[in-house]
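If you read the sequences in order, they're chains A and B. Quick note: the first sequence uses the numbering used here, first residue 20, plus one each step. Quick note: the second sequence uses the numbering used here, first residue 20, plus one each step.
Some chain B residues close to chain A (C-beta under 7 Å, calculated; not the full set):
1. 155
2. 156
3. 160
4. 163
5. 164
6. 167
7. 171
8. 174
9. 175
10. 178
A short, non-exhaustive set of chain B residues, derived as facing chain A with CB atoms under 8 Å:
11. 122
12. 157
13. 177
Just so you know, these hints were derived from the structure itself, not from any lab. For every residue, glycine included, the Cβ atom is placed at its ideal position computed from N, Cα and C.
What follows is the residue order along each chain.
Number of protein chains: 2
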Amino acid sequence: MKVLVTGGAGFIGSHLCDSLLTEGHIITVVDNLILGKKENIIHLIGRGDFYFIQEDLLQFVTLKKIFNEGQFDMVFHLAANSDIQKGSNNPEVDYNLTFNTTFNVLQCMREYKVKKLFFASSSAIFGETSAQLSEDYGPLQPISNYGAGKLASEAFISSFSYTNNIQTWITRFPNIVGERFTHGVIYDFINNLKKEPDVLTVLGNGEQNKPYLYVKDLIEGILFVCKHAKDRFNVYNLGSDSRTKVKEIAKMVIEEMMLAAEIIYTGGDRGWVGDVPEFKYDLTKIETLGWQAKYNSNDSVRLAIQKALGK
Amino acid sequence: MKVLVTGGAGFIGSHLCDSLLTEGHIITVVDNLILGKKENIIHLIGRGDFYFIQEDLLQFVTLKKIFNEGQFDMVFHLAANSDIQKGSNNPEVDYNLTFNTTFNVLQCMREYKVKKLFFASSSAIFGETSAQLSEDYGPLQPISNYGAGKLASEAFISSFSYTNNIQTWITRFPNIVGERFTHGVIYDFINNLKKEPDVLTVLGNGEQNKPYLYVKDLIEGILFVCKHAKDRFNVYNLGSDSRTKVKEIAKMVIEEMMLAAEIIYTGGDRGWVGDVPEFKYDLTKIETLGWQAKYNSNDSVRLAIQKALGK
Chain A
20 MKVLVTGGAG
30 FIGSHLCDSL
40 LTEGHIITVV
50 DNLILGKKEN
60 IIHLIGRGDF
70 YFIQEDLLQF
80 VTLKKIFNEG
90 QFDMVFHLAA
100 NSDIQKGSNN
110 PEVDYNLTFN
120 TTFNVLQCMR
130 EYKVKKLFFA
140 SSSAIFGETS
150 AQLSEDYGPL
160 QPISNYGAGK
170 LASEAFISSF
180 SYTNNIQTWI
190 TRFPNIVGER
200 FTHGVIYDFI
210 NNLKKEPDVL
220 TVLGNGEQNK
230 PYLYVKDLIE
240 GILFVCKHAK
250 DRFNVYNLGS
260 DSRTKVKEIA
270 KMVIEEMMLA
280 AEIIYTGGDR
290 GWVGDVPEFK
300 YDLTKIETLG
310 WQAKYNSNDS
320 VRLAIQKALG
330 K
Chain B
20 MKVLVTGGAG
30 FIGSHLCDSL
40 LTEGHIITVV
50 DNLILGKKEN
60 IIHLIGRGDF
70 YFIQEDLLQF
80 VTLKKIFNEG
90 QFDMVFHLAA
100 NSDIQKGSNN
110 PEVDYNLTFN
120 TTFNVLQCMR
130 EYKVKKLFFA
140 SSSAIFGETS
150 AQLSEDYGPL
160 QPISNYGAGK
170 LASEAFISSF
180 SYTNNIQTWI
190 TRFPNIVGER
200 FTHGVIYDFI
210 NNLKKEPDVL
220 TVLGNGEQNK
230 PYLYVKDLIE
240 GILFVCKHAK
250 DRFNVYNLGS
260 DSRTKVKEIA
270 KMVIEEMMLA
280 AEIIYTGGDR
290 GWVGDVPEFK
300 YDLTKIETLG
310 WQAKYNSNDS
320 VRLAIQKALG
330 K
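Taking the hints into account, I'd like the entire structure generated from these sequences.
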């Protein structure tokens, strides 16, 4: 297939490109390189089946040109803000980077009759709840603008899919970790300990408890869902049954860096306004389809730390 | 309270203004008069407690000025596209009029620290399902851009409410009928029969079956919810338990107009792409709060026909 990957130079997008090329697809990446990095895809540039365009999806006229010339069979739409904290301070970030990018992609798909879409959604659409989250869970009340931007995207994807007969696969990610990550708790802990090896300050009380998934597991899960889910509109929670507490991550990072740093907690039940301190997925739907993550949450975290340290 | 009513010159908004003034509030209406009409509020203009500003909510700089000068205690945000069919043909309609108006209002509320919000949502967020729709129903998969625009609005209202501590009341309307309506099945049937009294063409097979609510019942319900629901974030389905089929509406209109028109059905289970042919609400939540509609669905339809005919 001729495939467009938006955000294809980013943390997750670049791993997806690696796998899509292995499967024999011809890829065009559009990335503005604000969060994405050229070094993530530098090993692909020059291949005859890989095209990179540095452009912003908010530039609608240029985007239409790209669709017109690309004649894509499918779009993998991953471009978005990925830093929840940043969007909480400025709602325009997720309004533009997470939602308006989606709307522009949908408008182009409608105009150029692209009939297959994958969308990278998030557990953040569910808001804060102690319930085990199945795909049918309601009400959906996001507490971050990031979650709102993803839910607003899902809303228009649903109506466009229906009215334009676009076959759609949405997977909702938990926390993703691994090579090429650009932010997040492991990233912060490692960088902070490099600067100050004796003390590690942890936002909140360390009890935040979430599922972490290794990025290569995620990519496998995405491609499995796109291959095996056959409805017009397919929505799957994607993750691991197990979870890891932030205080356990802190200990693992210190251990893997072979330090003896003291851990200081800032207190409170969450890292920042909009942070969901706990969630757990009901993964029955994706397991019934036939997929399960290789690594549990703790192993994913451990592996990501080791990869980040070049082990 | 000092209250901003967006879309206050519209079908529903103007009835809301009437009731809010009776309750002693000071009202500013912002309406671009594209769907709204000055005649709907002409009886209020000149009152010392009523201000009308003809402006488009998409004019963000002007909107900020209005918020700066208005010092509002609460916003009733009703401005939106209200014609589902129109938005199905052009996604920009609901993207702009239904969603971006909401985002602009939220940005102004955040900047000018307005801490109370009412939002007019819709059954269209639920998409097409035979389930009885409670407030916790999921998944939310709208099949019209109108429903998508309302769900996208709810998403950002949820995150803004949480991060800026805005007390919020959302009610999800069924089909609303009564004086001052601007479109919809009754409106169309009457106008078509005025032009051609012998034949009434009905889109679909006439079996579309939905709850209709009389506009003055709706306004009472809205104000009841805002007064009695005390959470930070309050969401209520608002409607009537009963439903009316389109073919029954056709008969009632012909009867009330004292005609003998033949009814012709175009066929198919729905009026147009994006039309949800059937839905029913679970109204336990609002009934537990203590509210019930005065008129059932058939009586609401009959009353609306009579009012439209000047009876």
